[in-house]
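Peer 1: For reference, the chains in residue letters:
There are 2 protein chains.
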Amino acid sequence: MTWQFDAETAVESRGDGLWTTRLSDRWNIGDNPNGGYLVAVTLQALRQLGPHPHPVSVTSHFLRPGTGDAPGEVRTSLVRSGRSVTTARATLVQEGRERLEVLASFGDLSGSTGHSHELVIDPPDMPPPEDCAERSGLEQGVELHIQSRIDMRVRPDLSSAGSGERAETLGWIRFRDGRDPDSLGAVLFADAFPPPIFGLLGRVGWVPTIELTVHVRRRPAPGWMLGRFMTDDLHDGRMIEDGWLWDSSGAMVARSRQLAILLED
Amino acid sequence: MTWQFDAETAVESRGDGLWTTRLSDRWNIGDNPNGGYLVAVTLQALRQLGPHPHPVSVTSHFLRPGTGDAPGEVRTSLVRSGRSVTTARATLVQEGRERLEVLASFGDLSGSTGHSHELVIDPPDMPPPEDCAERSGLEQGVELHIQSRIDMRVRPDLSSAGSGERAETLGWIRFRDGRDPDSLGAVLFADAFPPPIFGLLGRVGWVPTIELTVHVRRRPAPGWMLGRFMTDDLHDGRMIEDGWLWDSSGAMVARSRQLAILLED
Numbered sequence: 060m061t062w063q064f065d066a067e068t069a070v071e072s073r074g075d076g077l078w079t080t081r082l083s084d085r086w087n088i089g090d091n092p093n094g095g096y097l098v099a100v101t102l103q104a105l106r107q108l109g110p111h112p113h114p115v116s117v118t119s120h121f122l123r124p125g126t127g128d129a130p131g132e133v134r135t136s137l138v139r140s141g142r143s144v145t146t147a148r149a150t151l152v153q154e155g156r157e158r159l160e161v162l163a164s165f166g167d168l169s170g171s172t173g174h175s176h177e178l179v180i181d182p183p184d185m186p187p188p189e190d191c192a193e194r195s196g197l198e199q200g201v202e203l204h205i206q207s208r209i210d211m212r213v214r215p216d217l218s219s220a221g222s223g224e225r226a227e228t229l230g231w232i233r234f235r236d237g238r239d240p241d242s243l244g245a246v247l248f249a250d251a252f253p254p255p256i257f258g259l260l261g262r263v264g265w266v267p268t269i270e271l272t273v274h275v276r277r278r279p280a281p282g283w284m285l286g287r288f289m290t291d292d293l294h295d296g297r298m299i300e301d302g303w304l305w306d307s308s309g310a311m312v313a314r315s316r317q318l319a320i321l322l323e324d
Numbered sequence: 060m061t062w063q064f065d066a067e068t069a070v071e072s073r074g075d076g077l078w079t080t081r082l083s084d085r086w087n088i089g090d091n092p093n094g095g096y097l098v099a100v101t102l103q104a105l106r107q108l109g110p111h112p113h114p115v116s117v118t119s120h121f122l123r124p125g126t127g128d129a130p131g132e133v134r135t136s137l138v139r140s141g142r143s144v145t146t147a148r149a150t151l152v153q154e155g156r157e158r159l160e161v162l163a164s165f166g167d168l169s170g171s172t173g174h175s176h177e178l179v180i181d182p183p184d185m186p187p188p189e190d191c192a193e194r195s196g197l198e199q200g201v202e203l204h205i206q207s208r209i210d211m212r213v214r215p216d217l218s219s220a221g222s223g224e225r226a227e228t229l230g231w232i233r234f235r236d237g238r239d240p241d242s243l244g245a246v247l248f249a250d251a252f253p254p255p256i257f258g259l260l261g262r263v264g265w266v267p268t269i270e271l272t273v274h275v276r277r278r279p280a281p282g283w284m285l286g287r288f289m290t291d292d293l294h295d296g297r298m299i300e301d302g303w304l305w306d307s308s309g310a311m312v313a314r315s316r317q318l319a320i321l322l323e324d
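Order-wise, the sequence lines are chains A and B. Just so you know, the first sequence maps onto residues 60 to 324 in my numbering. Just so you know, the second sequence maps onto residues 60 to 324 in my numbering.
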């Protein structure tokens with residue numbers, strides 16, 4: 060069986076670091092593909108450039124919206140492949156225009172380096188997925204094609220919550236077709252939740268991301284992942300959103316931070 | 060008067076995106092230049108590629124240590140220059156080897172977009188600089204040439220503190236020669252403090268940074284800046300360090316996050 064995520068992020072090598080793909084529109088939020096989906100497509104190419112299979116640091120600058128149900132090119136180049144880290148960059152191009160610029164480092168999260176010191180961020184308390192709300196209720200007027208691919212359950216009392224000091228969202232997330240999460244899926248999930256700022260300010264129009272960095276800390280266990288997304292830093296229409304993702308065993312899998320703009324007041 | 064920072068990060072255009080520089084060894088920590096100093100050199104070139112003067116998001120991947128008191132090249136290319144954001148990348152090369160790869164977006168932090176919503180992170184309580192300790196006391200055995208360029212005062216009770224759950228450093232920072240901080244200085248300062256993990260685990264050898272992202276949120280007011288640096292996420296020898304920098308008026312100026320490796324247990 061081919062999972063939807065793997066089929067719809069697949070890339071084909073054309074040599075010299077050029078890869079071709081066909082973006083799906085099934086990951087669209089409104090008229091354009093979700094940003095995390097675009098990043099995942101570039102990672103499918105980038106992870107083949109060196110011996111290290113797992114993205115550990117992925118920075119993406121969103122230049123223009125992508126287009127679903129349309130072809131795309133991923134132009135990659137290896138920056139450095141060392142003993143424990145491979146660094147590479149990619150540009151996603153559609154119709155001759157750059158959509159996304161990515162700089163990423165890859166490592167191997169399978170083994171153990173033997174370090175015993177641990178500092179652990181525990182997951183927040185959360186009711187089970189059955190007691191949470193589907194994402195659909197949050198964004199009236201925007202067609203969430205991505206719901207055909209991602210199953211998301213948001214904690215009801217935080218889905219539109221926020222104090223004067225922060226805006227926060229908690230939710231469960233998994234692939235709709237039952238695919239287990241992995242390091243690429245963790246990067247995708249880090250950009251799949253609705254911006255928590257909506258809960259504080261109401262739906263404030265489009266909140267385009269300038270830049271998103273995701274750090275993958277572990278390979279996730281199978282099952283639901285739990286996401287916490289929070290904004291406590293908004294100034295002059297620019298905001299920072301932080302994210303944390305835990306797997307079903309309660310282990311931290313990924314961290315995210317993005318710089319985004321509020322387009323309307 | 061030419062300030063030390065400006066003189067020692069200066070770059071000269073050779074056309075076609077190539078810039079030459081001479082790295083100083085006055086920003087060394089031990090035998091190699093501080094990473095933030097290397098980033099600042101690339102930003103001196105990158106900020107000239109578009110109309111937007113201030114770095115708002117700067118991601119740096121540290122490929123190999125730099126060499127002080129030696130020439131260097133900065134190879135830049137413009138990714139996109141839009142209405143409000145310019146995105147560009149740079150590679151710092153010395154002796155034919157890539158040392159640093161940078162992907163950055165620039166904006167204009169001078170004006171106002173008219174957005175009135177604010178979410179504010181207040182600075183922590185901190186004794187005045189006179190009651191704090193110079194950095195020198197923290198790192199025996201490593202020559203801190205950077206102290207000739209940066210004046211840093213660390214809160215004594217946190218300089219080697221840390222609970223079982225986190226490691227934290229608080230400190231004042233400014234240019235030694237009296238230069239006022241600016242957006243480039245904020246990026247430098249975000250990578251100038253000793254890793255707080257030293258306070259928790261003792262001096263655990265070199266803690267090389269894989270990747271550092273700095274977001275500049277405001278132009279700083281003149282005077283001391285206050286930094287808070289914290290690690291609460293360490294797994295399998297890889298750690299995340301978060302940073303916050305406030306200016307002398309108490310306004311948040313920059314946020315930082317880095318992925319680093321503990322080389323010794």
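Be aware that one or more of the hints could be misleading.
To be verified - Which stretches of chain B does chain A cover? Using the computed rule of at least three CB atoms under 8 angstroms from a CB of chain A, they are:
#1 65-74
#2 109-120
#3 133-147
#4 284-292
#5 303-317
Unchecked claim - Calculated from the model, a selection of chain B residues having no Cβ within reach of chain A, i.e. all distances over 10 angstroms:
#6 T61
#7 D90
#8 T126
#9 A129
#10 S164
#11 G166
#12 L203
#13 E224
#14 A226
#15 G296
#16 R297
Keep in mind the hints are simulated off the structure, nothing from the lab. Note that CB positions come from ideal geometry on N, CA and C, so glycine has one too.
Peer 1: Can you tell me if the stretch 65-74 of chain B counts as covered by chain A, using C-beta to C-beta distances under 8 angstroms and a minimum of three residues?
Peer 2: violated (count 0)
Peer 1: Cut-off 8 angstroms, C-beta pairs, minimum 3 residues; does the coverage of the stretch 303-317 of chain B by chain A stand?
Peer 2: Result for this restraint: holds, n = 3.
Peer 1: Taking the minimum C-beta separation from L203 (chain B) to chain A, is that value above 10 angstroms?
Peer 2: It holds; L203 (chain B) is separated from chain A by about 25 angstroms at its closest Cβ, greater than 10 angstroms.
Peer 1: Over 10 angstroms from every CB of chain A: does S164 (chain B) meet that, or does the non-interface label fail?
Peer 2: 6 angstroms, violated
Peer 1: Just checking, D90 (chain B) versus chain A, shortest CB gap more than 10 angstroms?
Peer 2: 19 angstroms, holds
Peer 1: For A129 (chain B), is the shortest CB-to-CB distance to chain A above 10 angstroms, so the non-interface label stands?
Peer 2: 20 angstroms, holds
Peer 1: Is the Cβ of T126 (chain B) more than 10 angstroms away from each Cβ in chain A?
Peer 2: The assertion about T126 (chain B) holds, with a minimum of 17 angstroms to chain A.
Peer 1: At 10 angstroms, judged by beta carbons, does E224 (chain B) keep clear of chain A as stated?
Peer 2: At roughly 7 angstroms from the nearest Cβ of chain A, E224 (chain B) sits no farther out than 10 angstroms, so the non-interface label is violated.
Peer 1: Are all beta-carbon distances from A226 (chain B) to chain A longer than 10 angstroms?
Peer 2: Since the minimum Cβ distance to chain A is about 8 angstroms, A226 (chain B) lies within 10 angstroms and the statement is violated.
Peer 1: Are 3 or more residues of the stretch 109-120 of chain B near chain A, judged by a Cβ distance of less than 8 angstroms?
Peer 2: With 4 residues closer than 8 angstroms to chain A, the stretch 109-120 of chain B meets the three-residue bar; holds.
Peer 1: Quick check: the stretch 133-147 of chain B, covered by chain A? Criterion 3+ residues, Cβ under 8 angstroms.
Peer 2: holds (count 6)
Peer 1: Would you check chain A against the stretch 284-292 of chain B, counting CB to CB pairs closer than 8 angstroms, and say if three or more residues qualify?
Peer 2: As far as the stretch 284-292 of chain B goes, the hint holds, because 3 residues have Cβ atoms under 8 angstroms from chain A.
Hints 1, 10, 11, 13, 14, 15 and 16, counting from the list given before, are not met by this structure.
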